[in-house]
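> Chain by chain, the residues:
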Amino acid sequence: MREPAANETALGEALLAAEDVSLSFGGVRALTGVSFDIRKGEIRAIIGPNGAGKTSMLNVVNGFYQPQSGRITFKGEVRKSMRPYAAARGGIARTFQNLALFRGMTTLDNILAGRTLKMHRGFFWQLLRYGPALREEVEHRRRVEEIIDFLEIAAIRKVQVGRLPYGLQKRVELGRALAMEPDLLLLDEPMAGMNLEEKEDMSRFIIDVNQQYGTTIALIEHDMGVVMDLSDRVVVLDYGRKIADGTPDEVKRDKDVIRAYLGETH
Amino acid sequence: MLYREVGQYKSSYAADMAVFPILQDRIGIAVILVIAYVVFPLIGNDFLLNTILIPFLIFSLAAIGLNLLTGYTGLLSLGTGAFMGVGAYACLKLTTIFPHVNILIWVLVSGLFSSAVGVLFGLPSLRIKGFYLAVATLAAQFFLEWCFIRIPWLYNYSVSGAIEVPLRTFMGVPMTGPTATSLTRYLAVLTIVVVLTWVASNIVHGRIGRMWMSVRDMDLAAELIGIRLFRTKLLAFAVSSFYCGVAGAMMVFLWYGGAEAEVFAIDQSFLILFMVIIGGLGTLIGSFFGSALIYILPIGLRLIPGNFGVPIRPAAAEQLTFVIVGALIIVFLVVEPNGLARLWQIGKQKLRVWPFPY
Chain X
1 MREPAANETA
11 LGEALLAAED
21 VSLSFGGVRA
31 LTGVSFDIRK
41 GEIRAIIGPN
51 GAGKTSMLNV
61 VNGFYQPQSG
71 RITFKGEVRK
81 SMRPYAAARG
91 GIARTFQNLA
101 LFRGMTTLDN
111 ILAGRTLKMH
121 RGFFWQLLRY
131 GPALREEVEH
141 RRRVEEIIDF
151 LEIAAIRKVQ
161 VGRLPYGLQK
171 RVELGRALAM
181 EPDLLLLDEP
191 MAGMNLEEKE
201 DMSRFIIDVN
211 QQYGTTIALI
221 EHDMGVVMDL
231 SDRVVVLDYG
241 RKIADGTPDE
251 VKRDKDVIRA
261 YLGETH
Chain P
1 MLYREVGQYK
11 SSYAADMAVF
21 PILQDRIGIA
31 VILVIAYVVF
41 PLIGNDFLLN
51 TILIPFLIFS
61 LAAIGLNLLT
71 GYTGLLSLGT
81 GAFMGVGAYA
91 CLKLTTIFPH
101 VNILIWVLVS
111 GLFSSAVGVL
121 FGLPSLRIKG
131 FYLAVATLAA
141 QFFLEWCFIR
151 IPWLYNYSVS
161 GAIEVPLRTF
171 MGVPMTGPTA
181 TSLTRYLAVL
191 TIVVVLTWVA
201 SNIVHGRIGR
211 MWMSVRDMDL
221 AAELIGIRLF
231 RTKLLAFAVS
241 SFYCGVAGAM
251 MVFLWYGGAE
261 AEVFAIDQSF
271 LILFMVIIGG
281 LGTLIGSFFG
291 SALIYILPIG
301 LRLIPGNFGV
311 PIRPAAAEQL
321 TFVIVGALII
331 VFLVVEPNGL
341 ARLWQIGKQK
351 LRVWPFPY
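For the protein sequence lines, the chains are X and P, in the order given.
With the first letter of the first sequence counted as 1, position 172 gets the number 172 in my numbering; the numbers rise by one all the way through.
With the first letter of the second sequence counted as 1, position 108 gets the number 108 in my numbering; the numbers rise by one all the way through.
FYI, nobody ran anything at the bench for these hints, they're computed from the structure.
Where hints are given, some of them may not hold.
Claimed, not checked - Capping the alpha-carbon separation at 25 angstroms, the derived lysine-lysine pairs in DSS-like fashion look like this: (1) Lys350(P) with Lys158(X); (2) Lys118(X) with Lys40(X); (3) Lys158(X) with Lys10(P).
Remember, it's a predicted structure, so these values are computed and weren't measured experimentally.
Isolated chain P, as found in the complex (with noise of 0.2 angstroms):
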C-alpha cells in the first residue's frame, strides 16, 4: 500500500516523461543519496569506505560503461579491462605531464581518452556482431595489455613496473597518493559516480538511448527510419569506453594507491561482464546490483565465521565462499535471466499491488 502512484497524477509529458515518475522513488533516491554523503563519513571507518564502499562504486561504473556497450546497444565486448587500463595510464601520464592541474579533472579527461582508444577498436563492429565482435575486442584487450608492460614511458620507467600514484592535493586535502584519507577518496569517487551515473541516466532516456537500443533490438529497421548504424556504435563505444576509463582512473589514483598492469587484465573485463549480466542487461541500476553482489556479497561471507565464531579455517572459510557465491550466481540466473534488475522491478510490482496478488 505504501508504494503505488495512485493519486499521482500528471499533468505534464515532462512529468510522466521523468527518470523517477513516482514519488516515493524520488523519496527513496533522496534517502539514499543522504545515506551515501551523510551517514557512511560519519559512521564509516577505513574498513568500509576503503575495502567495500570506495571499490563497490568504482566496479558500479565500470559497469555501467560495460552496460551502456552490451546492455544497451547489444555489442559485446571482452576489452573493459584494457580500456579501464587506458584511463589510468592516461590518468598517470596527465598528471605528471600537468601536475598543478587538479587530480580529478585528470581523472575525468583521461576518460576522453579512454573513449578514442574504444571507438578505434571499436571499428570492427561495423562489420561484425556478437561473439566474433567479442574476438575482436579481446584483440584490443590483449594489444592494451601488452603495452601496459612493455611501453616503460606508459608507467613513467618506474623500476616495479607499476603505476606508483603520486601525492596530490585538492585546496591543502591530500585526494591523492598514501596520504590521502579513505573519507576524502570516498567522497571523490562518490561524487564522480553520482553525476556520471546523473548522466547515464540522461542520456539512455534520450534520444541517443532510443537509437541505441533500436540498433541492439533491430538494426535494421533502425537503418531505417534513418538512423547510422556505424555512428551510433561507435558512440556507444566513445561513452562506455569513457566510463570504464574513469573508472579505471579512479580504481588506482583513489583506491589502490599503485597498481600493475595484471589489474586490467582479462579477468578485470570478465569480472565487469558478470556484473552486467547478473545485474540485468540494459538497466542502470542492475550494474550496482551485479556490482554488489559478486563484490561485496564474498568480503560479506568471508566475515561471517570470524564475527559469529562458526569454527572454521580461514582457508577453507574462503574456499566456501567462492562455493557460496558461484551457486547464488547460478540460483539467480535460473530464477530470473534477465538479472537482479528485473527481480527488483517485479519486487516493485508486487508492491504496487499488495495485498492483492494482481
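Only chain X is shown next, with the shape it has when bound in the complex (with noise of 0.2 angstroms):
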C-alpha cells in the first residue's frame, strides 16, 4: 500500500541502534545479544511470538529496564543508565499495550499532559495563571486542536477519557504521544482489540504521522496483514533472539521465521 519511498528512508541514517542488547530478570533471559537499528524516517516493525521479548526491547528502549549488557546508541549517542524521563527529554514517546491514560482526565488534559516537557513557565506564573503562563496555555492548546483534529476526535475533546470506549482511548494514547513532537514514536501494539475498521483509521494515522511529521516508529503488532503494508523494515524476535530482519517480504520468506511462528515440522 505504502509508496515506494520505503527506499530512500531506508538510506536514512541510524537513528537508534540496539548492540548485542540482553535483559534478564532473575533467570529469566528476556533479550539475549539483540542487535538491530531504527533509521530515521523509516516505519520499523518489532514481531514475534508471544513472549518474544518485544516488549521488552521497548521498555528496554525507553529506559523502563536497564540491560544487563549491550549499548543503546541514540542519535549518535551512546547511553548508559537512563530513566524514561530522561528517554522522553531526548525525544522517545510511547502508547502501551493495555493503555496507559490518565483515566480521570479529559482528552484534553491528557494530550496537553503530553506537552508538559514543552511547557516552561515557571511555579510562580502557574500561581496566577496570568501573563506568560496563560499565553503558554493558549498556545499549547492550539497545537494540542490540531492533534485532536488530524485524529479526528474533536467530539470528546471534553470527555474523561475513563469513559470512551476502547478504540478510541487508543487514539487518546497516540494523541498524547504525539503531543511531545517525538523523534522516534514506539507503539506496543496499537491494533490490539480492534475492528476492521478502526484498524484501518490507525493504520492510516500511523502513516500520516511518518510521512507528514516525518516522525521516526517502531511499531509492535501481531497483525501480519498491518505489519506488512504499513513497516519499511521487521524486525524478528523469538525467545528473545533476533531470528531475522530485513523487508517486510525477505521476511516473509524466512525459514526461521515460517518455523517460528508456525512450529517445526518433523
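If you follow the hints, you should be able to join the two separate chains into one complex; please do so.
This is the structure we're talking about:
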C-alpha cells in the first residue's frame, strides 16, 4: 500500500541502534544479544510470537529496563543507564499495549499533559495563571487542537477518557504521544483488540504521522497484514533472540520465521 | 432553562480554558463573594461568624491542602493535623521573635515552614505509595505531636504548655488576641481563604495540576511523558503542607485564640481526610462541601431541638446529632462514592438540560 518511498528513507542514518542487548530477570532471559537499528524516517516493525521479548525491547529503548549488557546508541550518543523521563527529554514517545492513559482527566488534559516538557513557565507564574503562563497554555492548546483535528477526536475533547470506548482511548493515547513531538515513536500493539474499521483508521494515522511529520516509528504488532503493509523493515524476535531482520518480503520468506510462527515440521 | 451555556460562544482558547467558562457560574461566584464580604458582616452576630463561618473557612482551607495531595496527586496522608500544627507553632515563634511584623504576613509565612516539614516527610513517597505511604505520614504525625508537647521552646515555655496568642494589631485594629472582634478575624480569614483558593485553582488548572493528576492516574506513563515523579510528588507535599500550615496558624491565631498540642492530634488528620473524601477527591469545591457537611451540619442539628421546642435533653440531642451525621455520611457515600462535588456536577448537568431528562 505504501509508496516505495521506503527505499529513500531506508538510506537514512540510524536514529537508534541497539547492539548486543541482553536482559534478564533473575534467571529468566528476556533478551539475548539482540542487535538492530532504527533509521531516521522509517516505520520499523518488531514482531514475534508471544513472549518473544518485543515489549521488553521497547522497555529497554525507553529506559524502563536497564539491560545487563549491550549498548544503545540514540541520536549518535551512547547511553548508559537512563530513566524514562530522560528518554522523553531525548525525544522518545511511547504508547502501551494495554493503555496507560490518565483515566481521570479529559482527552484535552491528557494530550496537554503530553506537552509538559515543552512548557517552561515557572511555578510563580503558574500560581497566577496570568500573563505568560496563560499565553503559554493557550499556545499549547492550539497545538493540541491540531492533533485533535488530525486524529478526529474533536467530539470527545472534554470527555473523561476513562469513559471512552477502547478504540478511542487508543487514539487519545496516540495523541498524547504525538503531543510530545517525538523523534522516535514507539507503538506497542496499536491495533490490539480493534475491529477492521478501527484498524484501518489507526493504520492511516500511523502512515500520516510518518509521512506528514516525518516521525520515525517503531511498532509491535500481531496483525501480519498490517505489519507487512505499514512497515519499511521488520525485525523478528523469538525467545529473546533476533531470528530475522529485513524488508517485509524478505522476512516473510525467511525459514526461521516460518518455523517460529508455524512450529517445526518433523 | 436558566442554567445553560447555549448562545455563549467562545471565540478564543483562553475563554474556553477559563476556570468558569459559563456566565451563570461567574455570576454565582460573584454573588457568593458579595454575600461573604457584605451580607454576612452586616447581619452576622458573634455566633455566626465565630462559631460557623471562621472554622468552616479554616477547615475548607485545610481540606483543600489535603485534597491537593490526596485528591490531585494520589498520595494518601495522615499527617494533616501535624502539618497544621507546624504552621501554628511556626507562627507563634515568628511573631514572638518579630512582634512588629504584621501577623497576617506571619500566618502566610508559617505555611512555608510547614512546607519544608512536609517535603521532609514526603521523601518516602518516592518508594512507597497507598496505605504504606499513609503509615509513613502517620510517623510524621506522631513525631511532630511529640515535638509540640516535649519542646517547651515551641510554646514559649508557657506554664500551661499551650499556645497563648498575643495581641497583635494591624493599623490600630486588634487582629489577634482576646480583644480582636470576630468581624476583623472573619474578614482576615475570608480574604486569605479566597486568595489561596484562587491560587489553588490556578495551580490545578495549569501545567502543575496536570502533572499531579498524571502521577495520580498512571505514574509510569507520567514518567514517560517527561515528568520527574519524585520532584512532582515533593512539590505536591510542599504546596499541600503550605495550605495546611496556613490553616493551622489561622485556626489558633484567628479562631481559638490559644491551643494545646491535642488540637493537632491524629483526630484532626482524620477529620480533614473525611472532609476531603466526602466532599470529593480531586475537586476544590468538594473541599468546601466536605467541610460544610462535617463541621456545619452537626452545629445546625444541635440547634434544631432548642429552636423548635423539641422536648429532648441536651445530652440526648448531642448523641442524636452524631447518629444522624454518621448516617448521612453513609447515605452520601452510598449514593455517590465520588463525593458531594460529583453530586453537585450531576445536579448542574440536570439543570442544564432541564426540562428534558437528557
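> Each of the hints needs a verdict: does it hold here or not?
Okay, the hints, checked on the actual structure:
1. Lys350(P) with Lys158(X): Cα-Cα ~18 angstroms, so holds.
2. Lys118(X) with Lys40(X): holds, 22 angstroms
3. Lys158(X) with Lys10(P): OK: Lys158(X) and Lys10(P) at ~15 angstroms, within 25 angstroms.
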